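Line order of the protein sequences matches chains A and B.
FYI, UniProt numbering numbers position 304 of the first sequence as 304, with every residue one higher than the one before it.
FYI, UniProt numbering numbers position 211 of the second sequence as 211, with every residue one higher than the one before it.
One should not assume that every hint holds.
[What the hints assert, rightly or not] Computed cross-link-like contacts, DSS-like style, restricted to lysine-lysine with a CA-CA straight-line distance of at most 27 Å: (1) A:LYS119 - B:LYS163; (2) A:LYS38 - A:LYS157; (3) B:LYS195 - A:LYS308; (4) B:LYS195 - A:LYS271; (5) B:LYS220 - A:LYS48.
[Said to hold, decoys possible] Among chain A residues calculated to face chain B with C-beta under 7 Å, some are: (6) THR25; (7) ASP49; (8) ASN51; (9) MET56; (10) SER222; (11) GLU229; (12) LEU262.
Bear in mind the hints are in silico, worked out from the structure with no lab data behind them.
Given the structure is predicted, the values throughout are model-derived calculations rather than measurements.
Note that CB positions come from ideal geometry on N, CA and C, so glycine has one too.
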Amino acid sequence: MAKDMERPKSLKQVAYYPGCALEGTGHAYNRSTKAVGKALGLDLVEVKDWNCCGAMEVKNIDPQVQTYLSARNLAKTEEMGFDVVMAPCNGCYHNLKKAEYDLAHNRQAVEANARIAGKAGHHAYQPGGVETIHALDWIKRAVGEEELARRTAGKLKGMKIANYYGCMYTRPRHIFPQNDRGGESESSYKPHFMDDLLAAAGAENVDFPLKTACCGGAHAMSDADTSTELVLNILTTAEACGAEVIATECPTCHTSLEIHQLRAEKLLGRKTTVKILYFTQLLGLALGLSQRKVGVQENMADPRGYLKARGLG
Amino acid sequence: MPIHEKTLIRPENLVTHESLVIDGMDVSGHWSTFIKPRTITDYNEAMQEEISALPGGENIHRCWQCGSCTNACTINAVNPEFNPRYWIYLIRQGLEEELLRDKEIIWQCVSCNRCTYACPRDVVPEAVMKATAHWLELKGHTGESPSSVFDRGFTDNVLASGKIEEGHVLRIFFWRTGQPLAPPWLRDLILGLAKKLPVFYLFNLLWTAVFRPRTRDWGKTGAAIEEYVRERHAEQAAALGLSGERRH
Numbered sequence: 001m002a003k004d005m006e007r008p009k010s011l012k013q014v015a016y017y018p019g020c021a022l023e024g025t026g027h028a029y030n031r032s033t034k035a036v037g038k039a040l041g042l043d044l045v046e047v048k049d050w051n052c053c054g055a056m057e058v059k060n061i062d063p064q065v066q067t068y069l070s071a072r073n074l075a076k077t078e079e080m081g082f083d084v085v086m087a088p089c090n091g092c093y094h095n096l097k098k099a100e101y102d103l104a105h106n107r108q109a110v111e112a113n114a115r116i117a118g119k120a121g122h123h124a125y126q127p128g129g130v131e132t133i134h135a136l137d138w139i140k141r142a143v144g145e146e147e148l149a150r151r152t153a154g155k156l157k158g159m160k161i162a163n164y165y166g167c168m169y170t171r172p173r174h175i176f177p178q179n180d181r182g183g184e185s186e187s188s189y190k191p192h193f194m195d196d197l198l199a200a201a202g203a204e205n206v207d208f209p210l211k212t213a214c215c216g217g218a219h220a221m222s223d224a225d226t227s228t229e230l231v232l233n234i235l236t237t238a239e240a241c242g243a244e245v246i247a248t249e250c251p252t253c254h255t256s257l258e259i260h261q262l263r264a265e266k267l268l269g270r271k272t273t274v275k276i277l278y279f280t281q282l283l284g285l286a287l288g289l290s291q292r293k294v295g296v297q298e299n300m301a302d303p304r305g306y307l308k309a310r311g312l313g
Numbered sequence: 001m002p003i004h005e006k007t008l009i010r011p012e013n014l015v016t017h018e019s020l021v022i023d024g025m026d027v028s029g030h031w032s033t034f035i036k037p038r039t040i041t042d043y044n045e046a047m048q049e050e051i052s053a054l055p056g057g058e059n060i061h062r063c064w065q066c067g068s069c070t071n072a073c074t075i076n077a078v079n080p081e082f083n084p085r086y087w088i089y090l091i092r093q094g095l096e097e098e099l100l101r102d103k104e105i106i107w108q109c110v111s112c113n114r115c116t117y118a119c120p121r122d123v124v125p126e127a128v129m130k131a132t133a134h135w136l137e138l139k140g141h142t143g144e145s146p147s148s149v150f151d152r153g154f155t156d157n158v159l160a161s162g163k164i165e166e167g168h169v170l171r172i173f174f175w176r177t178g179q180p181l182a183p184p185w186l187r188d189l190i191l192g193l194a195k196k197l198p199v200f201y202l203f204n205l206l207w208t209a210v211f212r213p214r215t216r217d218w219g220k221t222g223a224a225i226e227e228y229v230r231e232r233h234a235e236q237a238a239a240l241g242l243s244g245e246r247r248h
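With the rest of the complex left out, here is chain A (with noise of 0.2 Å):
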């Protein structure tokens, strides 16, 4: 597996899988996501009848589900004859990833799957099969920071952004094997994969320590308190350590991040200013995409004047 992992693939043509937020609440993530891809000349095929992965609530009903929820998208891109799938949201990269760890690993996850893969009618998925990657690696690896400073011509320059991952990109570590190996790799303890890109298109990324801490996504509505605080930390930590934008890769992170920064003003009179951009929104602007086509009307904490300030869009 870990060799058929190493060998060099086009990423030109990848299938796509958007997951349920990007047809929901991260909808500017979903369109910015395909904007970008088609300026780069990149082509994106979504995976075919696709299912909910299990997010991060179908694990707590049962976890070998959550796997054959997810081993279900990797079958439905097997029978489209693609090898690789790009998912840009962290929750269902996560479960891909983890479905691929689980299959080759657990053995109630491998029977699981195959009992419920065989009474739905489809065949089950067999690890090594498809390899999951993340709409970051898939940026990088298929277009690279030379030509993206080419493309882009140094647009964001002066702008300056915290990049934030959020816990799902690089946690646990055991269900992401291409992470920490040196060199060109991703680091699961200070990931940069977000900073070169954006530092490719002239941004000035700002040293921000929370780059993996936790907004409390996965409670953003059942402990609406505990999220509005750790989420009131994010922000505040990062205009502390001078940025205008926090870029972001997750809808979950970006939507609770948007929310929590209205209900702290709202109900604790906590304001904050910094403002909260998918990293494709800003690759698109920096692109010469207008604001419309990258949706930044759908951004709650509207950005619409500062980017317009700063000439982009």
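Take the given structure of chain A and dock chain B to it, following the hints.
Quick look at chain B alone, frame taken from chain A:
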């Protein structure tokens, strides 16, 4: 004792005396504070085994109490009472009564997996927290937590149609927890957002709320999952000595 675990010295175990002489030694004033000696007789010897029988609890026996989990914990940083290391200790010792004092907050784990990342023994404390919260519910020590209500509504939606529609999941959650359909702060937020969105996008939102997204080809998948879950939950109920069927 690490400073962040100071909360473990409980007020009811402390005694202060204005003037106290023990064996001829004056220990009054600031120094007259003692942790009461006590004898424990009511161990719940089955507790660790029962929690191990629930999904996620399997590795609890591996813990060697280093405290890396509590030190890394997101929730501990905002509420020092939230202490995974201590709860794992109580479960392994069978100190049920002490565990029950914190029963209303154990469900608050946000699954950030910082503990799992830090744990040198592969206990997977995140999963142990979930198993413990479920154990408390199944044994009737707590009601169903808001988190469990949310998980159940979410999973129902997935099993029925293969995908979720966020608005539907939220409405079910607010309804089942007896909250107004969208609390005031959320309603203001939605209305504020609606004002600046293009009409076609609003139409789209309405469309998905009425014609909820569905995975084509989903067919018998939901029923197959449901059957599997029912079997697992029956096994777990049996391991906990419960006869009634668990809600799933």
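Task: chain B contact restraint for ASN51 (chain A) - C-beta distance below 7 Å - done: Since the shortest Cβ distance to chain B is 4 Å, the answer is holds.
Open item on the list: Is the interface hint satisfied for THR25 (chain A)? The criterion is a beta-carbon contact with chain B at less than 7 Å.
Closed with: holds, 6 Å
Open item on the list: Given a cut of 7 Å on the nearest C-beta pair, is the interface hint for MET56 (chain A) held or broken against chain B?
Closed with: Hint holds; MET56 (chain A) Cβ to chain B Cβ min 6 Å, cut 7 Å.
Task: Hint consistency between LYS38 (chain A) and LYS157 (chain A) [alpha-carbon to alpha-carbon, up to 27 Å] - done: Holds, at about 23 Å.
Task: Hinted pair LYS195 (chain B) and LYS308 (chain A), Cα distance within 27 Å - done: holds, 20 Å
Open item on the list: ASP49 (chain A) was flagged as interface toward chain B. Is the shortest Cβ-Cβ separation under 7 Å?
Closed with: Since chain B brings a Cβ to about 4 Å from ASP49 (chain A), closer than 7 Å, the hint holds.
Task: Restraint check for LYS195 (chain B) with LYS271 (chain A), where alpha carbons must lie at most 27 Å apart - done: holds, 21 Å
TODO: Verify the proposed pairing of LYS119 (chain A) with LYS163 (chain B), using a straight-line Cα cut of 27 Å.
DONE: Holds, at roughly 19 Å.
- [ ] Take a quick look at whether LYS220 (chain B) and LYS48 (chain A) sit within 27 Å of each other, Cα to Cα.
- [x] Within the cut-off at roughly 17 Å; holds.
Open item on the list: Min Cβ distance, GLU229 (chain A) to chain B: is it shorter than 7 Å?
Closed with: This hint holds: GLU229 (chain A) lies near chain B, its Cβ roughly 5 Å from the closest one there, short of 7 Å.
- [ ] Classify the hint on SER222 (chain A) as holds or violated, based on whether any CB of chain B lies nearer than 7 Å to its CB.
- [x] Nearest chain B Cβ about 4 Å off; hint holds.
Open item on the list: LEU262 (chain A) was flagged as interface toward chain B. Is the shortest Cβ-Cβ separation under 7 Å?
Closed with: holds, 6 Å
Violated hints are absent here; each numbered hint is respected by the structure.
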